[in-house]
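Protein chains: 2
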Amino acid sequence: MLPNLRTPDGHDHACAAHCNDLPTPALVVDAAITRRNIKRMADYAAAHGLRLRPHTKTHKSKRLARLQIEAGAAGLTVAKAGEAEEMGEASADILVAYPALDPARVRRLAALARIASVRVAVDSGTAIAALAAAATAARTKIGLLIELDVGLGRTGVGTAEAALALAQLASNTEGVRIDGLLCYPGHIWAPAAAQGPLLQAVSARLAGAIALWSSHGFEARIVSGGSTPTAFQSHEVKPYTEIRPGTYVFNDMNTVQGGFCTLGDCAASIICTVVSDAVRGQVVIDGGSKTFTNDVCIPAPDSGHGCIPKYPGARLIRLSEEHGQVDVSNCEKHPRVGERVTVIPNHICPCVNLQDAFWWCEADAAPQAVPVDARGKLS
Amino acid sequence: MLPNLRTPDGHDHACAAHCNDLPTPALVVDAAITRRNIKRMADYAAAHGLRLRPHTKTHKSKRLARLQIEAGAAGLTVAKAGEAEEMGEASADILVAYPALDPARVRRLAALARIASVRVAVDSGTAIAALAAAATAARTKIGLLIELDVGLGRTGVGTAEAALALAQLASNTEGVRIDGLLCYPGHIWAPAAAQGPLLQAVSARLAGAIALWSSHGFEARIVSGGSTPTAFQSHEVKPYTEIRPGTYVFNDMNTVQGGFCTLGDCAASIICTVVSDAVRGQVVIDGGSKTFTNDVCIPAPDSGHGCIPKYPGARLIRLSEEHGQVDVSNCEKHPRVGERVTVIPNHICPCVNLQDAFWWCEADAAPQAVPVDARGKLS
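These protein sequence lines are chains H and B, in that order. Quick note on numbering: the first sequence equals residues 165 to 543 in the working numbering. Quick note on numbering: the second sequence equals residues 165 to 543 in the working numbering.
Read the hints as simulated data drawn from the structure, not as lab findings. Please note that a few of the clues may not be correct.
Distance ranges between label pairs, derived from CB positions [as the list claims (entries may be wrong)]: (1) I481(B) / N336(H): 50 to 56 angstroms; (2) H380(B) / S493(H): 48 to 54 angstroms; (3) R227(B) / R500(H): 37 to 43 angstroms; (4) P535(H) / I481(B): 31 to 37 angstroms.
We put the beta carbon where it would ideally sit given N, CA and C, even for glycine.
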């Protein structure tokens with residue numbers, strides 16, 4: 165009945181020995197792997213003179229955020245105002261990498277800006293006006309990073325000229341301060357060795373905007389980029405001054421299948437109980453879409469809903485809300501009803517977001533419940 | 165800036181007039197539509213002599229469960245022990261339509277069985293033994309429904325003989341009581357008018373098991389079935405004594421696109437703010453996969469991640485965690501940055517599960533926050 169998360173490279177999760185009594189599904193986090201992941205990224209950033217500002221959307225935990233700060237992170241990244249308020253307790257330097265502009269959100273961010281450094285990424289005059297009005301009303305200032313779209317096509321202005329226009333607008337607006345540029349190269353899932361040309365294109369877009377700004381008297385003191393798949397190649401994007409990877413703290417099947425880490429670097433996994441084997445060639449585990457989410461594995465969309473290291477032939481092929489159907493027809497042996505199996509999810513961030521707490525597992529110690537402080541902070 | 169959820173059949177959500185100040189994304193529930201949905205199902209069940217036992221996974225709210233009970237529901241259905249504990253406060257008659265068997269779960273269910281009627285659906289001897297041991301230790305009894313697979317291929321024994329074998333096993337086991345049979349026809353998404361032959365097959369499977377049980381002295385006092393798509397055809401499955409629909413309380417794009425209700429029957433929707441229009445032909449709303457989930461619309465898998473009634477040409481084509489990318493290239497007019505838009509999700513159940521509370525909207529009254537009591541009850 166051991167969860168038995170021995171990865172192919174021989175690492176035994178600390179969780180394996182002490183998690184037999186946890187109610188399932190149990191999100192367990194190996195402390196040693198987490199610390200190693202945190203240190204590796206901090207060391208990389210330090211070696212290349214980059215400030216590290218981890219995106220806390222992955223763990224949503226103040227305790228984990230403090231570990232990242234202690235390891236050298238310069239500040240924290242969030243998406244929502246509620247996350248900013250929580251993470252403001254772990255760091256006094258918060259970046260909202262999200263175009264916050266609705267009235268409730270800008271009011272809360274302005275309140276936080278009275279006691280912490282708050283910067284917000286924007287791509288519209290509407291957002292600048294909303295943030296400026298809230299900051300002015302709160303008698304504070306909010307820093308702005310103008311977001312430049314570098315290929316994802318999600319948010320961010322498309323041209324250096326548009327980035328300049330927003331900088332000019334902001335420079336004439338009370339309550340806000342232009343601090344630099346931000347991009348999110350989330351479209352890059354190429355293997356690290358093949359990222360060169362893609363990252364050169366990112367560099368060129370940023371350099372163009374920086375040059376245009378400079379010719380009009382604007383300085384991009386901060387140029388913020390990064391994402392876990394591109395994180396360890398960030399030094400190839402010369403304009404970057406800081407990076408914002410998130411998933412690296414835990415990793416998941418997205419980062420494994422993308423070739424950005426090994427299974428042994430996956431710190432977070434979910435222990436499930438097999439609850440049925442009534443249908444031939446299949447077992448059912450007690451985690452479904454309300455545990456794993458229906459996020460596909462981006463680099464391997466046909467690989468199912470997660471990896472079960474102990475049963476390499478097993479495939480988690482279908483989720484309903486509380487059931488995970490595992491095809492075991494290609495397994496020599498398969499788990500029995502009542503057995504516990506450990507699953508590494510496709511995308512760890514939304515899985516953590518479904519939990520009130522995760523189990524923090526140090527070697528030879530009972531697991532500790534760590535609150536997911538910013539869970540449910542949707543606005 | 166009105167959310168403006170006027171549906172094509174002319175209904176204005178109660179939410180429309182009073183929700184302008186809610187922080188977005190805001191899950192709003194129209195009280196009148198909800199009550200109408202609850203009454204319609206209760207009336208249908210009463211008219212056909214069926215007991216109604218709503219699955220509370222959809223709303224996870226004791227307040228909504230009490231409305232269902234007040235409208236005539238005979239008891240409540242849940243999937244997990246934590247849900248059973250919460251819903252045990254709304255009804256003393258709880259069915260766990262899930263093969264609960266791990267130690268923590270059966271212990272909690274046995275504790276609840278001391279103060280309420282608790283029945284559990286099982287499909288293995290392991291589950292029977294685990295529940296029996298826990299019930300015996302708690303000096304109580306747990307009722308069992310043997311689950312028969314009627315075509316979904318998820319859980320449930322495949323033959324009448326296997327159902328009989330489990331009944332025989334249970335009848336020789338202290339702590340449990342055989343109460344009947346359960347099935348889940350979740351494979352049936354055919355339009356109501358075309359469900360006849362599929363439901364006849366369900367009837368035949370159930371009738372076969374009932375006859376075999378009868379010839380061995382076992383009575384299926386309860387025969388539990390149902391699901392929202394088949395709910396209003398449940399009278400065609402003669403063996404049913406009760407049904408367990410869940411989604412009908414709110415409805416969603418799954419039930420609309422399946423032809424089981426109209427947009428005007430959708431009680432729950434999510435108000436979002438447009439946060440970016442920097443990319444041509446697209447706007448971005450402040451709800452992503454952490455608000456809508458990546459569940460596809462089962463009857464219309466290419467329809468995107470939800471419906472925006474006010475902008476019929478708009479398609480919510482891509483979600484990241486906190487961003488929803490809306491293709492507006494086919495819209496004559498499109499929402500501007502800062503505007504609020506209302507979205508009906510594909511699958512409402514996991515969306516509710518992401519919220520601590522939803523906004524309950526009576527006509528001409530300020531929205532009230534209703535806690536999602538059983539959110540996060542994964543075990």
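Results for each hint:
no., hint, verdict
1, I481(B) / N336(H): 50 to 56 angstroms, "36 angstroms, violated"
2, H380(B) / S493(H): 48 to 54 angstroms, "32 angstroms, violated"
3, R227(B) / R500(H): 37 to 43 angstroms, "41 angstroms, holds"
4, P535(H) / I481(B): 31 to 37 angstroms, "35 angstroms, holds"
Of the hints listed earlier, those the structure fails to meet are numbers 1, 2, in rising order.
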